[in-house]
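Novice: Chain by chain, the residues:
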Amino acid sequence: MTMTAAETLTVVVEREVPFPPEKIWRALTQPHLLEAWLMKNDFQPVLGHDFKFRGDWGSVDCQVMTVEPHTTLAYSWGAMGLGSVVTWTLTPTSLGTHLRMEQAGFRPDQQQAYQGAKYGWPRFFTALEGVLEGLE
Amino acid sequence: MPTSNDVLFATLADPTRRAIFERLCRQGEQTVGALTAQAGVSQPAVSKHLGVLRRAGLVRDRHQGRETHYSAQLAALAPLVDWASQMTGFWQSRFDDLEDLLKRMDQ
Numbered sequence: 001m002t003m004t005a006a007e008t009l010t011v012v013v014e015r016e017v018p019f020p021p022e023k024i025w026r027a028l029t030q031p032h033l034l035e036a037w038l039m040k041n042d043f044q045p046v047l048g049h050d051f052k053f054r055g056d057w058g059s060v061d062c063q064v065m066t067v068e069p070h071t072t073l074a075y076s077w078g079a080m081g082l083g084s085v086v087t088w089t090l091t092p093t094s095l096g097t098h099l100r101m102e103q104a105g106f107r108p109d110q111q112q113a114y115q116g117a118k119y120g121w122p123r124f125f126t127a128l129e130g131v132l133e134g135l136e
Numbered sequence: 001m002p003t004s005n006d007v008l009f010a011t012l013a014d015p016t017r018r019a020i021f022e023r024l025c026r027q028g029e030q031t032v033g034a035l036t037a038q039a040g041v042s043q044p045a046v047s048k049h050l051g052v053l054r055r056a057g058l059v060r061d062r063h064q065g066r067e068t069h070y071s072a073q074l075a076a077l078a079p080l081v082d083w084a085s086q087m088t089g090f091w092q093s094r095f096d097d098l099e100d101l102l103k104r105m106d107q
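In the order they appear, the protein sequences are chains A and B.
Counting from 1, position 84 in the first sequence corresponds to residue 84 in the working numbering; the numbering is continuous, with no gaps.
Counting from 1, position 83 in the second sequence corresponds to residue 83 in the working numbering; the numbering is continuous, with no gaps.
Keep in mind that the hints were calculated from the coordinates and are not lab data.
Note that beta-carbon positions come from the ideal geometry of N, C-alpha and C, so glycine has one too.
Errors might be hidden in some of the hints.
[Unchecked claim] In silico lysine to aspartate or glutamate, EDC-like type, Cα no more than 20 Å apart, as pairs:
no.	chain 1	residue 1	chain 2	residue 2
1	B	Lys103	A	Glu14
2	B	Lys48	B	Glu22
3	B	Lys48	B	Asp14
4	A	Lys40	B	Asp14
[Stated by the list, open to error] Far from chain A, by Cβ distances over 10 Å, these chain B residues were calculated:
no.	residue
5	Gln43
6	Val52
7	Gln92
8	Arg94
[Stated by the list, open to error] Distance windows between CB atoms, simulated:
no.	chain 1	residue 1	chain 2	residue 2	range
9	A	Glu16	B	Asp61	48 to 54 Å
10	B	Asp61	A	Gln63	54 to 60 Å
11	A	Gln63	B	Thr68	39 to 45 Å
Excised from the complex, chain A in its bound form (with noise of 0.2 Å):
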């Protein structure tokens, strides 16, 4: 098996579930809605907020970064000294709701290396690419 750095640093989950984007939204927005199968949250759909996911086993820093009702919420995800940007898409089909989350990942300090650093996470990438393949 080969994994390539982005597909290690990327998770996706998505499906298909027989609900429009509007309830599905609700479910994704809605403090006591997300708690009742994510978790404990303060969360606000507005951009900028920042709000914190509790857990039994410690929690999770969050800004909310993207806001587009109905279609794609993000909020950047921090915790155990990982940042990372979890992307909610919602397309409606003809059954429901295409669903689709993908957490990209480790991204500490992405504005930061982009801006500052001789050398960005693109080639940290390529380089990761390299030693996970010698690590089959």
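With the hints as your guide, set chain B onto chain A.
Specialist: Chain B in isolation, oriented as in the chain A frame:
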């Protein structure tokens, strides 16, 4: 959820440190002097970064005469692969609970 990778991730979060590690991955074993020449920071700073990398298990040092040679320990990156598989399991389970909730919710 991952619980034991924070040291690895925190270590590689620093761009200068990551650049040093990447250089060792690409170019093999290097001395502090050779790394400093390309790092854009002082030798004490490079040494400090190498210390952090060594404590995280990402580099190994080898003493030869008055020189210390550093090499990348690639297997230490394995938790990155573990992270992805753990998060995939986490989200798949959350999707199950989300679907259950959607069935219970009012329109």
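Novice: Evaluate each hint against the coordinates.
Specialist: Cross-check of the supplied hints:
no.: 1; hint: B:Lys103 x A:Glu14; result: 18 Å, holds
no.: 2; hint: B:Lys48 x B:Glu22; result: 16 Å, holds
no.: 3; hint: B:Lys48 x B:Asp14; result: 12 Å, holds
no.: 4; hint: A:Lys40 x B:Asp14; result: 31 Å, violated
no.: 5; hint: Gln43; result: 17 Å, holds
no.: 6; hint: Val52; result: 13 Å, holds
no.: 7; hint: Gln92; result: 6 Å, violated
no.: 8; hint: Arg94; result: 6 Å, violated
no.: 9; hint: A:Glu16 x B:Asp61: 48 to 54 Å; result: 53 Å, holds
no.: 10; hint: B:Asp61 x A:Gln63: 54 to 60 Å; result: 39 Å, violated
no.: 11; hint: A:Gln63 x B:Thr68: 39 to 45 Å; result: 41 Å, holds
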